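As given, the protein sequences belong to chains S and Y, one line each in that order. Each residue of the first sequence is one higher than the last, beginning at -5 in this note's numbering. Each residue of the second sequence is one higher than the last, beginning at -5 in this note's numbering.
Keep in mind that the hints were calculated from the coordinates and are not lab data. A portion of the hints provided could be inaccurate.
Because identical chains share one entry, a pair is satisfied inside a single copy or across any pair of copies.
The calculated lysine-lysine pairs, modelled on PhoX-like cross-linking and capped at a C-alpha distance of 25 Å, are [claimed, not checked]:
hint	residue 1	residue 2
1	Lys61	Lys378
2	Lys1	Lys191
3	Lys321	Lys262
4	Lys262	Lys298
5	Lys(-4)	Lys262
6	Lys259	Lys(-4)
7	Lys81	Lys191
8	Lys1	Lys262
9	Lys313	Lys53
10	Lys300	Lys313
11	Lys298	Lys25
Bear in mind the structure is a predicted one, so any value in this text is a computation, not a measurement.
There are 2 protein chains.
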Amino acid sequence: MKIKINKNFLNLEENYLFSDINKRVNAYKEKNPNADIIRLGIGDVTLPLPKIIVDAMKKASDEMLSKDTFRGYPPEYGYDFIKEAIKDYYNRNNVSLDIESIFVSDGAKSDLGNIVDILGNNDIYIPNPVYPVYLDSNLMSGRRIHFIEGNEANNFLPMPDGLNNKPKVIYLCSPNNPTGATYNFNELAKWLEYAYKTGSLIIYDAAYEAFIVDSSPRSIYQIPNAKYVAIEVSSLSKMAGFTGVRCGYTIIPLELKANDVSLNKLWKRRQATKFNGVSYPVQRAAEAALSIEGVKACKENLDKYKENARLLSDLFDRKHIWYSGGKNSPYIWLKCPNNMKSFEFFDYLLDKANIVGTPGVGFGKFGEGYFRLTSFNTKENTIKAVERLEKLL
Amino acid sequence: MKIKINKNFLNLEENYLFSDINKRVNAYKEKNPNADIIRLGIGDVTLPLPKIIVDAMKKASDEMLSKDTFRGYPPEYGYDFIKEAIKDYYNRNNVSLDIESIFVSDGAKSDLGNIVDILGNNDIYIPNPVYPVYLDSNLMSGRRIHFIEGNEANNFLPMPDGLNNKPKVIYLCSPNNPTGATYNFNELAKWLEYAYKTGSLIIYDAAYEAFIVDSSPRSIYQIPNAKYVAIEVSSLSKMAGFTGVRCGYTIIPLELKANDVSLNKLWKRRQATKFNGVSYPVQRAAEAALSIEGVKACKENLDKYKENARLLSDLFDRKHIWYSGGKNSPYIWLKCPNNMKSFEFFDYLLDKANIVGTPGVGFGKFGEGYFRLTSFNTKENTIKAVERLEKLL
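The following block holds chain S by itself, in its conformation from the complex:
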């Protein structure tokens, strides 16, 4: 064919991180078939869903069996019942949302990728290291990308100091994937102040909010006036173990206007054209997860992950190894000992302790020399890994 393709796709780098990791692990296993390898690189939940959620999904499935309760096309922005459940969930964190500002979707990744559709050719500011979707989705649209460096000095929580005063689109992820670093109230307030001053938009990824245990904001809307400058994208993936069930949501406040055009209205139009709503049984499952009882059941799972994170971060405290995360996050982001590079430490850990983690450089160039461990394995395996690391490091 002679039609034109989107040439921006040719500028994307292939991401070989996880296939590279698998290759190295498989090569090691071939040489050492009896090695008891512990995987602390998992970026996905592992504990089963609470019964209250599965019951809701099954009940909704049964409704589809009968003519009187069958449901066809769902509303593109979500049923009122789930939007109300999200509103209530936020209310419990002292955030008041307009029901019209809530858009339910099949996941935060879809929304974070698709949000680019409604925006023009802006300068894009992305923390580094960070979740790769912000970068790749903007490269696909040919945007000018600028990285905001995370490092040990700023605790991997880059601030706007030193940025120019032009309007821009800024991505923030807190608690951050992969560093686990979490902005506190004052830090977020400074970002918002910068956004007001410069006419910028903040796209705030709150997917890990349920891991927060200290007083850090769980929603950017806990900061006054955030509704004038910020979109929040979140998900039930981590909060309720929904990575396989698929449900997320995006808040686009009615107050959010770019040169008098309502972003809420643009997104409504985008979703009505290119999305047809979330599966009805999934929406009922999400409603159950967001209820007071559901949140309580989900918290039991979260507490198990948090306990694993504590076991790991206690070890690095004892060893005086620098790390971020571990407290408000399932991730521990540590500085590789002896100035090892990320992949060097990967090989070292695999060889000397049979532990698999994720090289930090896989999340951006400023991740070089760092390493991510996660708390999604079992407690037994996490304890065993801590014992091995205790001896090794």
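Starting from the structure of chain S, add chain Y where the hints point.
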């Protein structure tokens, strides 16, 4: 804020079709509270899901309850089990698909909207009247749109005669929404020949394929060499009543290359960045629907809709009123009697027969003077509507 928005959104026309219809119906009901209104405007399935599908969804939900069978992130392009089920479904229609060419999604609307992402600034050719997503998603990207006129003379099956020889992107929908018109083998072969000759891409919407009862192709890949010029988008929405369950799929053949770039590879990258796969229980439900037993159960529902369509088209045959569809489609697209305009006939039908349909002009300017009736109401109501129309027309 001072950031730039996507200004193409400002060129979109608001679609007031269904809100306008509701206003007129509500105004009529207020004046005539006892009117027994029959809705033949429904564009959504109404019959409940077969038990085999709901059982599969519930079984998969139960698997999420146990650590050993719990599933996290699904593969972005679909589990192998559902890709195999789609491959088998096509095999039964004598189409052989490469498993790598199949992408499972939350619905055809998402894929039809998002496919624009991987394409460059091409001339876009869209039949008119037609499903509005092709137009709106391309307007959002600022593409140059050209309409291919459907009319009585071409039976609302526009052909490439008269089009220039430049490479272009062409949307085809067969059986067509809203006209029900269905391309036969020779007509599709001519479109493909035109696409080869001009280096064009055909985006083929096969969402209504399960309604086909004659020898018309159910997949564009039934025509030899279609894999070099056509993407096919389809859905379980109509075939299995999945409008509320949400599952569709897109076939991008490995053979499909634009100036040596594989569209399959571009879409893989797009989906891996901006999509995270379909809900596991939904994929199991879809697998059940596509099985031989599932298709048989779904056919019982389809036969009921088809019987309603037959009742309506028989009436228009008797009345010598021109129409398309009704045979391979749940839609009957009729010429408004006495040269009435679409909305004039809408008011006439509502007032004289208490029947609600959809004005054809709502699907594009070449739909003016036509009207869409659907077979998604009950048999009882369809018979009652036919009796009223028998007297009126």
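These are the hints, each one checked on the structure:
1. Lys61 / Lys378: For Lys61 and Lys378, only the inter-copy Cα distance (20 Å) is at most 25 Å; the intra-copy one is 54 Å.
2. Lys1 / Lys191: between (35 Å within a copy, 23 Å between copies)
3. Lys321 / Lys262: neither (36 Å within a copy, 35 Å between copies)
4. Lys262 / Lys298: neither (38 Å within a copy, 35 Å between copies)
5. Lys(-4) / Lys262: between (34 Å within a copy, 20 Å between copies)
6. Lys259 / Lys(-4): between (36 Å within a copy, 17 Å between copies)
7. Lys81 / Lys191: Neither way: Lys81 and Lys191 sit 29 Å apart in one copy and 55 Å across, limit 25 Å.
8. Lys1 / Lys262: This pair counts as between: shortest inter-copy Cα distance 15 Å, intra-copy 28 Å.
9. Lys313 / Lys53: The answer is neither: 50 Å in one copy and 47 Å across copies each exceed 25 Å.
10. Lys300 / Lys313: within (20 Å within a copy, 72 Å between copies)
11. Lys298 / Lys25: neither (34 Å within a copy, 62 Å between copies)
This entry does not satisfy hints 3, 4, 7, 9, 11, going by the numbered hints stated previously.
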